[in-house]
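Participant: From first to last, the protein sequence lines are chains A and B.
Last residue of the first sequence: number 391 in the numbering used here, and the count goes up by one each step with no gaps.
Last residue of the second sequence: number 1391 in the numbering used here, and the count goes up by one each step with no gaps.
None of these hints come from the bench; they were simulated from the model.
The structure displayed is predicted, hence computed values, not measured ones.
Heads up, some of the hints might be wrong.
These stretches of chain B come out as covered by chain A in the derived footprint (C-beta under 8 Å, 3 or more residues) [unchecked claim]:
#, segment
1, 1057 to 1065
2, 1073 to 1082
3, 1248 to 1259
Ideal Cβ placement from N, Cα and C applies to all residues, glycine included.
Below are the chains, spelled out letter by letter.
Protein chains: 2
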Amino acid sequence: MSLTIPALAGKLAGLQSSAIRDLLKLTAREDIISLAGGLPDAALMPRERIARAAETALCDPAVLQYTESSGWPALREVIAARESAAIGRSVPVGEVFITHGSQQALSLLAEVLLDPGALVIVEDPAYVGALQVFRAAGARIVAVPLDSDGMRLDILEDLLAAGERPALVHTVSNFHNPGGVTLAPERRRRLAELAEAHGFWVIEDDPYGELWFDRPAPAPVASYSPQVIRLSSVSKILSPALRVGWMIAPERVSRAVELLKQGADLCGSSLTQQITTDLLTDTTWLAAHVDAIRTTYGTRARALTTALRTTFADRLHCTDPTGGMFIWAEFTDTTDTTALLPAALDAGVAYVPGGAFAVTNTADNSLRLCFTTSDEATLTAAVDRLSSAIG
Amino acid sequence: MSLTIPALAGKLAGLQSSAIRDLLKLTAREDIISLAGGLPDAALMPRERIARAAETALCDPAVLQYTESSGWPALREVIAARESAAIGRSVPVGEVFITHGSQQALSLLAEVLLDPGALVIVEDPAYVGALQVFRAAGARIVAVPLDSDGMRLDILEDLLAAGERPALVHTVSNFHNPGGVTLAPERRRRLAELAEAHGFWVIEDDPYGELWFDRPAPAPVASYSPQVIRLSSVSKILSPALRVGWMIAPERVSRAVELLKQGADLCGSSLTQQITTDLLTDTTWLAAHVDAIRTTYGTRARALTTALRTTFADRLHCTDPTGGMFIWAEFTDTTDTTALLPAALDAGVAYVPGGAFAVTNTADNSLRLCFTTSDEATLTAAVDRLSSAIG
């Protein structure tokens, strides 16, 4: 019999793997210090507390059953209370939707909010997980650069004045990945005003907000308008293996997301959502736990910036990390970070070239460094290796 | 300031909630015996064994970290071994892809395999979760009816002879939801031959295959051709809260699914995937555990069919359940099961009218009954209530 080989969908021709994820596969070598990852430190994750919560949760048969598509009811209540405090208004449970990590919220929202060809404004450099879903949704993407106060709203206003009509604006408001910066309070208010005046959605993507070092992050963009859909997760403060993220969105958006979630994967895990409920309601423990992460990451961030500035002086500008997991650095000479990477790997250090996150700007001289998973001595050694690679 | 309210995507206008899920919300009343659900019995799920596995898993910090998009490596190995035994060929790990329940496999496969307007063949009545994703993918859907041996391949062959060129054929091969029937071995072989001859994919959706009562299910459709993508999950034998499903597919399909999974939700839970690995490799325990479920469900299925036949005699035909979770029944008179439902709920019993699963046929006189979550006396009482509702 002659065989006819079936095809894959045509749109896959343009789909590429994330450059970062492919790179991560290369940098798993034991002899390489990787600052290329984007992972929280597993050693700081509360294994014993999670084991205790699992044991308690498993006394109830309901934690092993399917749950509602919108999430385990007890967790939605806890998130509603936490987000009410964060946003400064009473968030009803109907506006809380639990997702399989906040990446799933981005993915479902792209389907709910975007018609093909719709304009999406992203930051430059951008979170690549967001770029990927907006591209898959067939959006037209325009990037607005970051400065040390976050998204350049003057440029966004120029775009609006020129007649651009975005369907949504995506911002990582706190401790940007990869940019390292935080959106200034006055820009938060202005972004919300622009959203209401021009009828676009804002997605405030905030996985890192709790990881502040010296002072809490500013009030969320969502505190200025209900047109701001707020995303967060416990991946960076508890564990990504719980796969618990959430969105706070108007009920008509939440209901639309619910219909899509049914088709996407029916529902999340009652078990990991009840474990999360337990940990988030143990507020004394939680405060001490998150505080310990802040202290450790803050110490590591300072060690890395100190080493970078001592080693490279004016040859490299880097952000002043006030929280989160990343430093964004830029060579002030002609050093091309993509071209440098093979020599850096040979010298035993990995990073992500800025180009992996670039949308309009090329970011040829930039790089993203993650400080979360190495201690201070290792971070200092990594900078030495980077220096030797440059020669 | 005048506000401009932002819009949702236009395609949502046609999207509707699952009739079954909406109905489930109505039937949560304490005084109603619900045979409308599609849930495994939580009382049979191995809470203590899962708690023990969680405790062991949590000795390793890696179970709290992000994992690969394709799944926790140890679980992929275990599934490869199990599926090799089931399919009768050596399945490489590269063909195993772990998903967030098998619903996610359906959803990602629809994106990978279907261009808009592609023809998809489903069964009539159909699994509504599959219908939902194929419709969302913009497929043209044609239904082939079931008989007591599963999908009517003679009708599929007529369609092919008439020039129809499906991109894929979806079948729930074992203990069909909602149809209750199992695809006969000779039809499995023939379906695989047709797939190879005409160049279409088959999705063999098999969540219930392990839930056989008297004898194991026939060899999978996937044992006859690599063009058959096989889906299964632990939701019905361990717990849906683990959110562990999988697909066995050619590596080029798995790689395409991996790219989409990164955008959809990055990865699954290392924790629940390691718990699943532990339970699936504890083969002596697992065999006894699954055997206990089979015995209980088999007893319940027989109690329900006995009550139905005793009560309704020739007025109702029902399937002979040989496994799974459902009985499909059809009134031989003019009883309209959708019209009957309010009276049935008043009488204290819930079911799903056949129309909820109908694609081309109307199934006005049919209903789906789930026997998994009620004991024999309750099932008998449910049939009494149904009888009193008909009057």
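Participant: I'd like to know which numbered hints this structure contradicts. Please list them from smallest to largest.
Facilitator: 2
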